[in-house]
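Colleague: Take the sequence shown: its position 225, counted from the start at 1, is 225 in my numbering, and no numbers get skipped.
Derived by calculation from the structure, the hints in this document are not laboratory data.
We treat Cβ as the ideally placed atom computed from N, Cα and C, and that holds for glycine.
Treat the hints with caution; some may be incorrect.
Simulated restraints on C-beta separations [said to hold, decoys possible]:
id	residue 1	residue 2	range
1	T267	H150	46 to 56 angstroms
2	H50	I94	16 to 26 angstroms
3	L193	H293	46 to 56 angstroms
4	L39	H179	39 to 49 angstroms
5	S84	T305	35 to 45 angstroms
6	D60	T227	49 to 59 angstroms
7	I94	F175	20 to 30 angstroms
8	G29	N203	45 to 55 angstroms
9	R37	P268	45 to 55 angstroms
10	P229	G255	41 to 51 angstroms
11	L39	Q282	36 to 46 angstroms
12	P291	D60	34 to 44 angstroms
13	N82	H179	30 to 40 angstroms
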Amino acid sequence: MPLTGKSIAVLGANGFIGTHLCPLLIKNGAHVSAFDRNLSPAVDQCDNRHGDFLKADDVDHAISECDAIVHLIHSTLPISSNKSPLTDASDNIIPSLRLLDLAVKHHIKRIIYVSSGGTVYGKQIQWPILESAPTYPNCAYAISKLAIEHYCSLYHHLYKLDYTVLRVANPYGPFQATHKGNGVITTFIEGYLKNKPLEIWGNGLTVRDYIHVEDVASAIIKSLNYTGPHKCFNIGSGTGKSILNLISVLEEVIGHPIDKTFFENRTPDIPQNVLNTYLAKQELHWSPTIPLHRGIKELINFMKTQVTA
């Protein structure tokens with residue numbers, strides 16, 4: 001779907017990914033309906049629609065005249081979702097189902113659902129992980145993500161609502177909120193800028209796939225333009241880095257060692273998660289463009305300006 005002149009509803013427009021996606025959509029000629037419960041500051045050059053995802057009327061108003069929807073909203077985090085699986089389901093699965101009903105009602109052409117490649121696969125025995133790999137979610141957050149993926153598939157079967165699922169690895173970059181307990185790269189940089197030792201839980205050997213948020217936004221653009229048969233894509237770097245690897249890159253960028261404090265990891269963690277992104281490269285013609293070293297360097301410079309602002 002060429003984006004010039006199209007109306008795209010971005011749900012979660014003022015969040016981490018949405019903050020980067022909305023300007024890119026506008027740059028590609030789209031009209032953006034920016035939906036969020038917090039639109040302060042307002043999203044520049046967008047039709048700002050303040051509302052609550054849990055309220056059907058608010059969502060209805062935001063998407064009613066749109067050609068496509070990008071669904072970025074999720075109210076919990078992997079680290080905290082198991083405290084109340086019921087809340088996770090009621091605040092995410094149920095309103096996402098209502099969204100699909102509204103999309104059918106308004107004859108929306110396509111929905112892009114941003115899922116979690118970092119959590120839905122769980123513990124695997126082969127890496128990098130293909131989209132066809134079995135899923136072993138170990139938290140309510142991941143289970144909700146998978147459930148919404150399956151409901152997208154169901155509505156495609158029942159009502160021909162076109163959709164694409166993007167299973168995103170571990171995104172990092174400007175405007176990531178560290179106080180919410182996610183974003184290890186941003187958290188480490190924040191600690192360094194505050195002259196605090198970096199806190200490492202466990203032995204620092206857990207491996208993850210890190211992807212810059214601007215590359216995630218470009219993948220969403222590509223998926224909106226996609227007309228092929230595939231419905232699910234991994235979006236990541238395809239390369240794994242351990243926590244200790246990340247710290248080494250950070251130390252290389254700043255030019256000196258950083259103090260570290262190790263803590264016993266009280267909860268077992270999945271040892272490795274690295275995504276195979278071949279399908280996205282072949283079908284979406286997408287590849288990440290920001291290498292980790294450059295991304296960390298630019299993020300440090302950005303966060304320095306935020307500290308001094």
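Colleague: With reference to the structure, classify each hint as holding or not holding.
Modeller: Structure-based check of each hint:
Between T267 and H150 the beta carbons are some 27 angstroms apart, a value that contradicts the proposed interval 46 to 56 angstroms. Separation of H50 from I94 is about 21 angstroms and conforms to the stated range, judged on CB atoms against 16 to 26 angstroms. A hinted range of 46 to 56 angstroms is violated for the C-beta pair L193 and H293, which are about 18 angstroms apart. Between L39 and H179 the beta carbons are some 20 angstroms apart, a value that contradicts the proposed interval 39 to 49 angstroms.
Take S84 and T305: their Cβ atoms lie about 37 angstroms apart, and the range 35 to 45 angstroms holds. Remark: the range hint 49 to 59 angstroms for D60 to T227 is contradicted by a beta-carbon distance near 28 angstroms. A hinted range of 20 to 30 angstroms for the beta carbons of I94 and F175 is consistent with their spacing of about 28 angstroms. The hint said 45 to 55 angstroms for the Cβ distance between G29 and N203, and at roughly 49 angstroms that hint holds.
Checked against the hint of 45 to 55 angstroms, the pair R37 and P268 fails, with Cβ atoms roughly 34 angstroms apart. Between P229 and G255 the beta carbons are some 49 angstroms apart, a value that agrees with the proposed interval 41 to 51 angstroms. Distance hint check for L39 and Q282: the Cβ-Cβ separation is about 37 angstroms, which falls inside the suggested range of 36 to 46 angstroms. Here the CB-CB span from P291 to D60 is close to 42 angstroms, well matched to the stated 34 to 44 angstroms.
Distance hint for N82 and H179: a CB-CB separation of about 20 angstroms, inconsistent with the stated range 30 to 40 angstroms.
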